[in-house]
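Protein chains: 2
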Amino acid sequence: MLLGIQTLTAQKDYKLWLQYNKVTNSKILNEYQSAIKGIHAFGKSETIAIANKELQQGLSGLLGHEINSSTNENTTNTLVLGTVNQLSTVLQQNTKKETASINNEGFVIKTIQSGNKKQILITAKTDTGVLYGVFHFLKLLQTNQSIENLAITDSPRINIRMLNHWDNLDRTVERGYAGFSLWNWQKLPEFIDQRYIDYARANASIGINGTVINNVNANALILTPQYLEKVEALAKVFRPYGIKVYLTARFSAPIEIGKLKTADPYDVEVQKWWKDKAAEIYARIPDFGGFLVKANSEGQPGPQNYGRNHVDGANMLADAVAPFGGIVMWRAFVYSEHDADDRAKQAYSEFVPYDGKFRDNVIVQVKNGAIDFQPREPFHPMFGAMPKTPLMMEFQVTQEYLGFSTHLVYLPKLYQEVLESDTYSKGKGSTVAKIIDGSLDNHKITGIAGVANIGNDLNWTGHPFAQANWYGFGRLAWNPYEDSKTIAEDWLRMTFSNEEKFIKPVKEMMLESREAVVNYMTPLGLHHIMDTGHHYGPGPWVSNLSRPEWNPTYYHKADKNGIGFDRSSTGSNATAQYAPEVAKMFDNTATCPEKDLLWFHHLSWDYKLKNGETLWNSLALKYQEGVNQVAAMNTTWNTMGNYVDEVPFKEVQMLLNIQHKEAKWWRDACLLYFQQYSGKELPKGVEKPTQTLSYFKSLKFPFAPGN
Amino acid sequence: MLLGIQTLTAQKDYKLWLQYNKVTNSKILNEYQSAIKGIHAFGKSETIAIANKELQQGLSGLLGHEINSSTNENTTNTLVLGTVNQLSTVLQQNTKKETASINNEGFVIKTIQSGNKKQILITAKTDTGVLYGVFHFLKLLQTNQSIENLAITDSPRINIRMLNHWDNLDRTVERGYAGFSLWNWQKLPEFIDQRYIDYARANASIGINGTVINNVNANALILTPQYLEKVEALAKVFRPYGIKVYLTARFSAPIEIGKLKTADPYDVEVQKWWKDKAAEIYARIPDFGGFLVKANSEGQPGPQNYGRNHVDGANMLADAVAPFGGIVMWRAFVYSEHDADDRAKQAYSEFVPYDGKFRDNVIVQVKNGAIDFQPREPFHPMFGAMPKTPLMMEFQVTQEYLGFSTHLVYLPKLYQEVLESDTYSKGKGSTVAKIIDGSLDNHKITGIAGVANIGNDLNWTGHPFAQANWYGFGRLAWNPYEDSKTIAEDWLRMTFSNEEKFIKPVKEMMLESREAVVNYMTPLGLHHIMDTGHHYGPGPWVSNLSRPEWNPTYYHKADKNGIGFDRSSTGSNATAQYAPEVAKMFDNTATCPEKDLLWFHHLSWDYKLKNGETLWNSLALKYQEGVNQVAAMNTTWNTMGNYVDEVPFKEVQMLLNIQHKEAKWWRDACLLYFQQYSGKELPKGVEKPTQTLSYFKSLKFPFAPGN
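Taken in sequence, the protein lines are chains H and U. Quick note on full-length UniProt numbering: the first sequence kicks off at 1 and runs consecutively. Quick note on full-length UniProt numbering: the second sequence kicks off at 1 and runs consecutively.
Be aware that one or more of the hints could be misleading.
[Unchecked claim] Within a straight-line C-alpha distance of at most 25 Å, the following computed DSS-like cross-link-like pairs (lysine-lysine) qualify: (1) H:K661 / U:K236; (2) U:K12 / H:K12; (3) U:K53 / H:K12; (4) U:K139 / U:K244; (5) U:K661 / H:K236; (6) U:K700 / H:K259.
If you're looking for bench data, these hints aren't it; they were derived computationally from the structure.
Working from the sequences, and respecting the hints, build out all of it.
As structure tokens, this is what we get:
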């Protein structure tokens, strides 16, 4: 047994994927040690100092001895870093082609040989680009890649790569499962918690360049001087890490904190109030990013309160921040209790007519699916439907509907599925990725947001593997075409071990985990059958909520005749919101992917799936498959004790045990409930339920987090 | 600059006072290395394994090389540990006298020389005693004391040494300023957070042996099977560390979760319900400690709701837990809005008549002062007034009224002042310490509770120096006669450095810090003039609360004639609640200590203090002195950068800056307010206020923590 592991490891988790343990492969270590004898940094900005310190810290750990950070720039085997315009003329010439090919946040990592002198150069057009290059270089070493002859150029494909924190001013976090908010408002602005710095560092390491620090269900107080002073302090911490601060704007703020009688966007005083407010914010935070707005959605105030529309609201705010280079991210997550139409259709119906009517500095933020961050949803029909408007992706990193921070679910697999989806908006190959990176419709402002899974838990994310979702979101924000497999492997190597015997099975486990959660929660296109309010555990029976579209029964529509939501042309016709090629595919049960079947179709319990089994049997077997997959995850992990420190090993073990138990709970509760309608026996291979339906219905979770 | 300090140190704080850095003094290191070559543990219990691991970990760190933990018991320079009955006969004989002198939780640390063989023995009557001995031994090394010829016997003076966590089931912490509750109810019982283990370890290291894990403003749900299963899991973690779990009992639980129509303690069904509940709890947790109850206090339900009294309520619960060896801690923190009498008198008036009427397994828990955890209060008059009833001390470790976790206030100095106070209940020398350790009145059950300042902040307590308050509370709980100076010095050495140039000034700073906070908040016996609700910052003007005794104006009674609460025989006559010697002293302005003057007397602004200054001038100068003291703390700390790691150094620096700013805020706000009544100029030496009174009155703290 290792000494002192108990306290040391809790601390190790805190370092996330930025573990800089000495390289264990001696051949590789040797290569690294020979190639890197010192560091020379051109430039003296705070960002360059941070990059330099990171290299020193990282290399000293990885190479096992201290690396001098002020080596002569001409010494061989020196790692040289700096922005292009700070480099020596020789180095500038040497990388002219590469630097011409990168954008403002991109970087070049290049081995430069001249005579007997061999150096590795990390350069970029901006300080932040250099910092990104440094983290990329360290990743090469952390993942044991060769650094013999480097010629890397890389640039982010999306401009705004951001986290959305649904953090309230009382430090509770809506849908937060990793403790509470990082932001200690009481001690700000004077007290800078080390967490803020470490948060910025972790984000910079994966290229995240923006953060909305407060909840979309906003409190106007954040816009008062008392809080802006605190926001300013955070912005100052994040700035050298290339991260801009954004805030959510409560639409009724002019009334609540401005003492106006209205928040009507047509009111001149209201317009002036927001212009003054923007000026006040920019006076404090010159690089303030802008506003994120949830308006006329789930009870939040908005322009419709005054008979105006989303364009009116968004453009008013956009005009206020435009003089300072700010943007407005206007959320499209709207559905109304007064609209009897299929909830899945409402955002499209409401927003698509506005295409082209928003100001240039407005971007519309759209969730990946038309309902709400389910284990699986078809891509949102708005993607591809508003070519004249930049659309920003909103993914959820926190696992509101996917087992909180208790279940191991590797989300980049989900993100990839969405990003790869073909909208056919400009013919085949019009993927969601191409829409959000602006390449399909030539947008200048592009963005992607992840609803953060970060809290003040020691390990930041609650579940050790949830760190991979933060990491993976950042990687896909940088490059939405990357394979989630590569990302999983990098994360495992950086976080735990480079041993193949560990990487291979655990990577497989991660990659399968998303399909597992779909199977044991919502197979075959089922959705939103989680228990009410907290969304933890199954609640397909819930039917008594005030708004019909909040009830699970609204979504599964199980009855004696079958199950599923008919969104085809015979039903709500939501399929018609997609491009004709896609609409046709979803509309027809023969071509609709089985994974989305019950999302689009209400089918008889006896409907035959491609494998020849009835829908009922297939559904039951899918639930069982989900349970089996989690059992297999347990089995895999239990053999990994040699590759992982004791504390995270045990933590994951305990969590996988809970996940296994809860996968069974999902299976049993859902099948017992649906069985009332199907009236059929469980097929062979599906285990008998461990409890009765009434037992499952009786379960209550009075203080479930995030609710 | 040290490498990588930024992430490493945030983690260092997490280790609290259990830092095991290599001893830097080479002479001392040499002595230790020679004396300790290995460890031999007798016994195989979980507790002994923990003790053994702690020694291994501690010694390996302190001595700078790994220490073998399975050395032959007969080898020289081996550290031997085990309970008396596990030792070899020779060792038993050798320590017979010492072990006879200790109690069940005490320990013996003794150098045993026989021929050429020299060993250090750590033994005790119980496993927990051995664990305490191990931590004591490690402390000797951490504080660089000689281990040449050890002959230490030590036993705790108080039986129940506990923390009270005012933690709610939603993880908010009432009066908590170090983040949120450690207890992650959602993931319990299956997921054991490493924090739980580290919490138990830290407590064991200072002899804390009990914990009430939920708020005294209780939620009955904690007593349902759903939560008891989780409590059971925590109890299992804490058990090998010698820590018992206790719960708060909501008096109305039989109604709320038991579906009874009443919670009347005379009702047979109610009595049965509690008996059954106790049996249910003990079936899960055989060593469950018992219940802590806040009844008929600040709106909590209690026996008085049914026309019964505190004895009726406490005894009913006591009867329920008695068969299992449990106890009931019944809080005496009562005051009524319907009682026009001085709030300071009410607990005494209500409880003293019940002396001798409680069951043997009831202990009455009394706050240190008669109001509520003020920066300074005279000792509570109940101490000494109920000789037939064991009284338990309740100190507040969390700084509800003392600047949250933002102000550096070393509280053991406050605790010591209370413990040393002479009640004269059995003549001179009848100190509070002698009452609570049971020695004065021969009580078998004795106890002391500290309202915890622990949360899920990385460093546990928010302010790095607040760790000293947790530590110091534990030390005084073990030995209420210990000098807070010694404790401060030990803590500094264990946590930061053994350098004299660091220890001396920083110890002075700590020891002065409590008087500083009294001076800048509530000098000369003022009290409870904090702002409403959250209790952060000054609010002497607040007079509009529904209950008169919640208003600061109730306490300071400033008017044109003077200031102070007349509790003398000409006023509320609270002085009469003390023993005659004490009553006489407090009653007379000539003998009343000036530090308590305005607690007991309403005096003219022109009243002359012993120094010849008027009361007004003295008050103003005291406020200024507090500010000056904090300025001096800043000056001292600013020169300590060489002895402390970068992160805690900066953290304390930032916090002391805030404290200095807020000390001025207190001074200015209070003096401007009181000046309205005194009508006098500020004396020479008192700085001019930086803002107006109306500015100070306008300050609002909408999401102050802990409220």
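>> Run the distance test for U:K661 versus H:K236: straight-line Cα separation, threshold 25 Å.
In response: 21 Å, holds
> If you draw a straight line from the CA of U:K139 to the CA of U:K244, is it 25 Å or shorter?
Replying inline: Given pair U:K139, U:K244 holds - Cα atoms ~24 Å apart, limit 25 Å.
> Straight-line Cα separation of U:K53 and H:K12 no greater than 25 Å?
Replying inline: Satisfied, since the Cα-Cα distance of roughly 20 Å is no more than 25 Å.
> Is the hinted pair U:K700 and H:K259 satisfied, with a Cα-Cα distance of at most 25 Å?
Replying inline: Status holds; Cα separation ~17 Å.
> Taken at face value, is the distance from the CA of U:K236 to the CA of H:K661 at most 25 Å?
Replying inline: Holds, at roughly 21 Å.
> Is U:K12 within 25 Å of H:K12, Cα to Cα?
Replying inline: 11 Å, holds
The structure shown violates none of the earlier numbered hints.
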